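Asks: So the chains spell out like this:
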Amino acid sequence: MNGIHDMGGMQAMGPIQYEKNEPTFHAPWEGRSLALNLAAAAWRKWNIDAGRHQIELFAPADYLRLSYYEKWIRRLEELLVKTGLVTQAELESGKPAPGSPKATPPLTADKVPSMLRSGGPASRNVPGPSRFKVGQRVRARNINPTGHTRLPRYARGKTGTIHLDHGAYVFPDTNAHFLGEKPQHVYSVRFTTRELWGEQASPLDAVYVDMWDDYLELA
Amino acid sequence: MPPNHDHHDHQDVPSDPTLRVKALESLLVEKGLVDPAALDALIDTYEHKVGPRNGAQVVARAWVDPAYKERLLADATNAIAELGYGGRQGEHMVVVENTPHVHNLVVCTLCSCYPWSVLGLPPVWYKSAPYRSRAVIDPRGVLREFGLDLPPDTEVRVWDSTAELRYLVLPERPAGTEDLSEEQLAALVTRDAMVGVER
Numbered sequence: 001m002n003g004i005h006d007m008g009g010m011q012a013m014g015p016i017q018y019e020k021n022e023p024t025f026h027a028p029w030e031g032r033s034l035a036l037n038l039a040a041a042a043w044r045k046w047n048i049d050a051g052r053h054q055i056e057l058f059a060p061a062d063y064l065r066l067s068y069y070e071k072w073i074r075r076l077e078e079l080l081v082k083t084g085l086v087t088q089a090e091l092e093s094g095k096p097a098p099g100s101p102k103a104t105p106p107l108t109a110d111k112v113p114s115m116l117r118s119g120g121p122a123s124r125n126v127p128g129p130s131r132f133k134v135g136q137r138v139r140a141r142n143i144n145p146t147g148h149t150r151l152p153r154y155a156r157g158k159t160g161t162i163h164l165d166h167g168a169y170v171f172p173d174t175n176a177h178f179l180g181e182k183p184q185h186v187y188s189v190r191f192t193t194r195e196l197w198g199e200q201a202s203p204l205d206a207v208y209v210d211m212w213d214d215y216l217e218l219a
Numbered sequence: 001m002p003p004n005h006d007h008h009d010h011q012d013v014p015s016d017p018t019l020r021v022k023a024l025e026s027l028l029v030e031k032g033l034v035d036p037a038a039l040d041a042l043i044d045t046y047e048h049k050v051g052p053r054n055g056a057q058v059v060a061r062a063w064v065d066p067a068y069k070e071r072l073l074a075d076a077t078n079a080i081a082e083l084g085y086g087g088r089q090g091e092h093m094v095v096v097e098n099t100p101h102v103h104n105l106v107v108c109t110l111c112s113c114y115p116w117s118v119l120g121l122p123p124v125w126y127k128s129a130p131y132r133s134r135a136v137i138d139p140r141g142v143l144r145e146f147g148l149d150l151p152p153d154t155e156v157r158v159w160d161s162t163a164e165l166r167y168l169v170l171p172e173r174p175a176g177t178e179d180l181s182e183e184q185l186a187a188l189v190t191r192d193a194m195v196g197v198e199r
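Chains A and B supply the protein sequences, listed in that same order. Residue numbers for the first sequence follow my numbering, beginning at 1 and rising by one. Residue numbers for the second sequence follow my numbering, beginning at 1 and rising by one.
What the hints contain is simulated information worked out from the structure, not anything from laboratory work. Note that the structure is a prediction, hence the values are computed from the model and not measured. One or more hints might be untrue.
Said to hold, decoys possible - Quick partial rundown of chain B residues pointing at chain A, CB under 8 Å, derived from the structure: (1) Leu27; (2) Gly32; (3) Val34; (4) Gln57; (5) Leu73.
Note that CB positions come from ideal geometry on N, CA and C, so glycine has one too.
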């Protein structure tokens, strides 16, 4: 979707605000927010793409106003209700519905190290050769899906060169909507900054964008 | 040197998120959906165990061991695993090398993708709108805000982390460090250099 999250190329966002010796968390609730998201995700009721998309669905003004971990906490509340782990009434009252059974958490403290060590690899085996070869000229398709996509607006319709074939990965555009993993090759595509931004850009520079096969066509 | 802003765009935390998170945690614990000890373990991991020191060791090893550097540039995920790092948000790694005429810069324009396993959790500025929006359209201007004014004949390569690949910049080994040990070299490597906002 063409949302506020797709920020590449915008110019009115102000100076970069750097904090020296920034702590990992600015307050204890930020750490709890991160940890609650990771622990609740262990129920596997949603995937990483659905989790990203939930934040993209925030109203643009909220997206800009909320801090990072405030977004995470709202996203978690919404996903919990959407997937039925928690009801809206429970969220509002802060209490489990009367008579509701008590579950057993899938992620316990002893499992945290192995969960983090194994992570969630998104690579998949896909038989057959890839459609594009390194060095080939390609164009990013001009698509404007209303759902989740990882094809940034600034690259659509632009022509670049296949720099690397990363192998096959889960396709976020379907996975975010629980429509299957549709694994396909992901390529690093090199776009010159002149191609992306015109004459004002440096003639030497380039932006490399990782792109799924479905985002590309031969140029 | 970073930009000279001592403040940051993270709101001073009002009591609201504190209470909201506390209420959600107590509901989820009471329902048996999360284990509070697991939350403590997760927080402890990212506060104390995983951070830019991991990435600095990877960089220092590449500086002293040419064969390792070759493996790192060819297959970063496995080369980084040799040092014991990997897993969540570092499952698929790519290392890009700075040279006298090439400078690399990493961004995630769509959200906040960052190589947790070697750098820890991303700083606020990396996740902020100003950095995400301008890194691709004006990388040289962004770098100037960090105090890095690159000559026109240096090629800038910006890596937008749009997929599940996570990027780490291999900075150039500083001149005059021939006598330093691997451990001393690792101490010189900064997080910002591994993101590419510093040389």
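Asks: Against this structure, judge whether each hint is valid.
Replies: Verification of the supplied hints:
1. Leu27: Interface hint status for Leu27 (chain B): holds (5 Å vs cutoff 8 Å).
2. Gly32: holds (4 Å)
3. Val34: holds (4 Å)
4. Gln57: Cβ of Gln57 (chain B) sits 17 Å from chain A, so the hint is violated.
5. Leu73: violated (12 Å)
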